[in-house]
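Chains as they are written, first to last, in the working numbering: chain A, 1 to 454; chain B, 1001 to 1274.
No lab work stands behind these hints: they were computed from the structure. Among the hints, erroneous ones may be present.
[Said to hold, decoys possible] Capping the alpha-carbon separation at 20 Å, the derived lysine to aspartate or glutamate pairs in DMTMM-like fashion look like this: (1) K1037(B) / E437(A); (2) K1213(B) / D84(A); (3) K1037(B) / E440(A); (4) K362(A) / E297(A); (5) K1042(B) / E437(A); (6) K1046(B) / E437(A); (7) K250(A) / E437(A); (8) K239(A) / E437(A); (9) K1042(B) / E430(A); (10) K1046(B) / D425(A); (11) K1132(B) / D425(A); (12) K1042(B) / D409(A); (13) K1037(B) / D445(A); (14) K1132(B) / E256(A); (15) K1213(B) / E109(A); (16) K1012(B) / E97(A); (17) K250(A) / E189(A).
Please read all numbers here as calculations on a predicted model, not as lab measurements.
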Amino acid sequence: MKKLIAILLAVLMVCTLFVGCAKEETVAPETETPAAESEAMAKYGFDKLDLVCFNGGDAGMWDELVALFLEYYPGVEITTDFSDDVANRIRARMMTETPPDFVASSGPEWSLGEAVDAGQLMDLSDLFENGVNADGVPIKDIIPEAALDPCYRNDILHSLPGGTTYLGWWYNVNMFKDLGIEAPTTWDELYAAAEVLNENGIIPFMYQYPSYGYWGLSMELMALVGGKELFNDTYVTLKEGAWTSEGALKAIQAQEALIKDGVMSPLSVGADFAASQVDFVNGRIGILPNGTWFENEMKEVLPEGFDMAFIPVPALEEGGPRSVVVTGGGFGQIPNHALNPEAAKAFYGVMLTDRGQAILAKYGKMPVSQTLDTSILADVMTPANLSALESAQQDDVIILNTSEGYYPDMTNKVKECNDNLCLGDMTAEEYCQAMEETAEAVRNDPETTILQAR
Amino acid sequence: MYLIFSFTPLIKTFFYSITDWSGYGDYNFVGFDNFVKVFNDKIFWKSLLNNVKFFFFGGIFVFGLALVCAAMITQSKLKESKYYRIILYMPNIISGVIIAVLWKFIFSPNFGLLNNFMTLLGLEPQNWLGQKDTAFTCLMIVWVWSGFGYYMLLLIAGIEGIPTTYLEAAEIDGANGIQRFIHIVMPMVMNMIRTCMVFFTMNAFTGIYVLVKFMTDGGPANTTQVIISYIYRTAFTNSRFGLSAAQGVVVCILVGALIMFMLKVTKPKDELEY
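With the hints as constraints, model all of the structure from the sequences given.
Written out as structure tokens, the structure is:
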């Protein structure tokens, strides 16, 4: 009897493992009869759509897009998995050849490049050339070709840009007004602002540890010194000698000086990510790098009357360029083994309608559509994000197209070097030398595909 | 169950360690290339050294505290000793993630409890988790605090299993508390200590991962990187599952050898019979 009970318990334990695996919600069509499903199939050519998407600072966006999709395609059964840790679930489903139909992820564990190189993601060139949005407008009329740059990995168009998130510097508008500081457009103005902020016991600038150090400062500094060419040489194509060039050294010396001159706080090292952002909205930090999802991400904790605005990373010299980073670039991908690729393409088509673009804008994604009536943006975008859109479109702003990090080994090394630079354990020269050695190792690694600059 | 959840993944790890699998598509066999990379990887050995530090220095504090507390709880005549057991064991029942987040707030440079306390005393606040010379120590403190209770309970069980007649006889013969503890209690709980050392060794090389991941993520500049967080990064951030499998195999062999060495060295020459 005891043996039987033990066996039954063991079987029950194994069964509970499988029960606990699924974490998906299903948005059922209004009628669930077999007749409704076949009607959707007959009408649209698909009746199911499986979405797995990253839900971070843009929480709520995907639900609104799904609701809009169902307005265009009623009767389609949609399965959703929206959370901030979807990367490994997407990978696991790709490994077992049961991928979702549409994926959109972010974060260091989402290896978009490897997924493309492994042939897991569909080439969307045909969708771009011949597809239409849900209102019947050709997609190639909606998306400017230049916006496709971050969506290519060598010759494969792995994504379409539904919305763009800009990453730059945010400053506390009321704080600056009270202290009589102008938003800096040059390095000299930044230093002047930092002096006033320091006098008032406020941290002038710091970054959320560790990723925003390179997203919000290191990458942009390369562009400020040597334009997009130097950025591409150092971060994209890993050109030999790029990191030990005069330009790269000048960029890192500027970063080093920020710390030595008291503009950037060494508290950036090890700073809790969320705590840094809370410190910013609570007036302890003057400037913080972040993306256009920032306001939505912090909406639950924003103090009454808090106002922030976006600036590109200031120019190193008067008349020089400023810079912002476009993160993510492409907005969602379709796996090659997706069961319902047509449904996924239709979902893209909904995102690229004016209403879809308005939803994206509401959550901090800058609309990519060139046919969109931009007057609606003032109604759906917050003043903070409108400031981001306006800033990024200035003529002197270099826009760097980047995803999470082109090469993990390079990204990890930049983080390590930024830590050492911040703590005073490394000079700018040593930083550049270390990065050059890492770039060489990555170039010589047979498992790594070196990217082309676009 | 063991076959499905332990043995099969182990075999698959050995298999993947000789491939270049990225976790997404097909793989190619690369022989021992991954192992060559592991042996030439400075950060891998630095991470392993950090684990050795946790093992060695952490072991002194964990076992020291566990033994002292176990001795005091079992040897003292305090009525409240059972409550002390609960209080001292309590960190072990709290999730590692919660412990990490809680202590991260305590160590926070801007609004942490510790810095507030230091400011009250007129001392300079520190960036505890952001400085190389303090980050590791902070992790060690948290790890010892959260872990020693478990070993204390095991040692209490071992001590309470000793027949009281031996201790009474020693007391009658004039042995004081410390002498009884060193010459009677310690030899008799040596088997339990050996068991604790095995668990502790595994914990020092694997269990510390949660604290590192959520408190420092291996920073600053890989100072607190430990081997499991590095293997995780290699697999899930760098998408090098083959290489991370090779790292895991190397760690498995090294830790296994260490445990076997410890068991051999601590094996008593004569088995105690009572």
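Consistency of the hints with the structure:
For the given pair, K1037(B) sits about 16 Å from E437(A) by alpha-carbon distance, which is consistent with the 20 Å threshold. Distance check on the hinted pair: K1213(B) and D84(A) sit about 17 Å apart at the alpha-carbon level, within 20 Å; holds. For the suggested pair K1037(B) and E440(A), the alpha carbons sit about 15 Å apart, so the restraint of at most 20 Å is met. Distance restraint check for K362(A) and E297(A): the Cα-Cα separation of roughly 12 Å lies within the 20 Å cut-off, and the hinted pair is therefore satisfied.
Proposed proximity of K1042(B) and E437(A) is supported: the alpha carbons are some 14 Å apart, at most 20 Å. Straight-line distance between C-alpha atoms of K1046(B) and E437(A) comes to about 19 Å, which keeps the hinted pair within the 20 Å bound. Of the pairs offered as hints, the one joining K250(A) and E437(A) holds, with about 18 Å between alpha carbons and a cut-off of 20 Å not exceeded. Of the pairs offered as hints, the one joining K239(A) and E437(A) holds, with about 12 Å between alpha carbons and a cut-off of 20 Å not exceeded.
Proximity of K1042(B) to E430(A) is assessed by CA-CA distance (about 17 Å); at most 20 Å being required, the pair is judged to hold. Under the criterion of a C-alpha separation no larger than 20 Å, the hint pairing K1046(B) with D425(A) is consistent with the structure, at around 17 Å. Taking the CA atoms of K1132(B) and D425(A), the gap is about 10 Å. The hint holds against a cut of 20 Å. Restraint check: the Cα-Cα separation between K1042(B) and D409(A) comes to about 13 Å, which is no more than 20 Å; the hinted pair holds.
The hinted pair formed by K1037(B) and D445(A) meets the criterion: a straight-line CA distance of about 11 Å does not exceed 20 Å. The straight-line distance between the Cα atoms of K1132(B) and E256(A) is roughly 18 Å, inside the 20 Å bound, and the hint therefore holds. Straight-line distance between C-alpha atoms of K1213(B) and E109(A) comes to about 14 Å, which keeps the hinted pair within the 20 Å bound. Between K1012(B) and E97(A) the alpha-carbon distance is near 19 Å, which keeps this suggested pair within the 20 Å criterion.
Between K250(A) and E189(A) the CA atoms are separated by roughly 19 Å; this keeps the pair inside 20 Å, and the hint holds.
In this structure, every one of the numbered hints holds.
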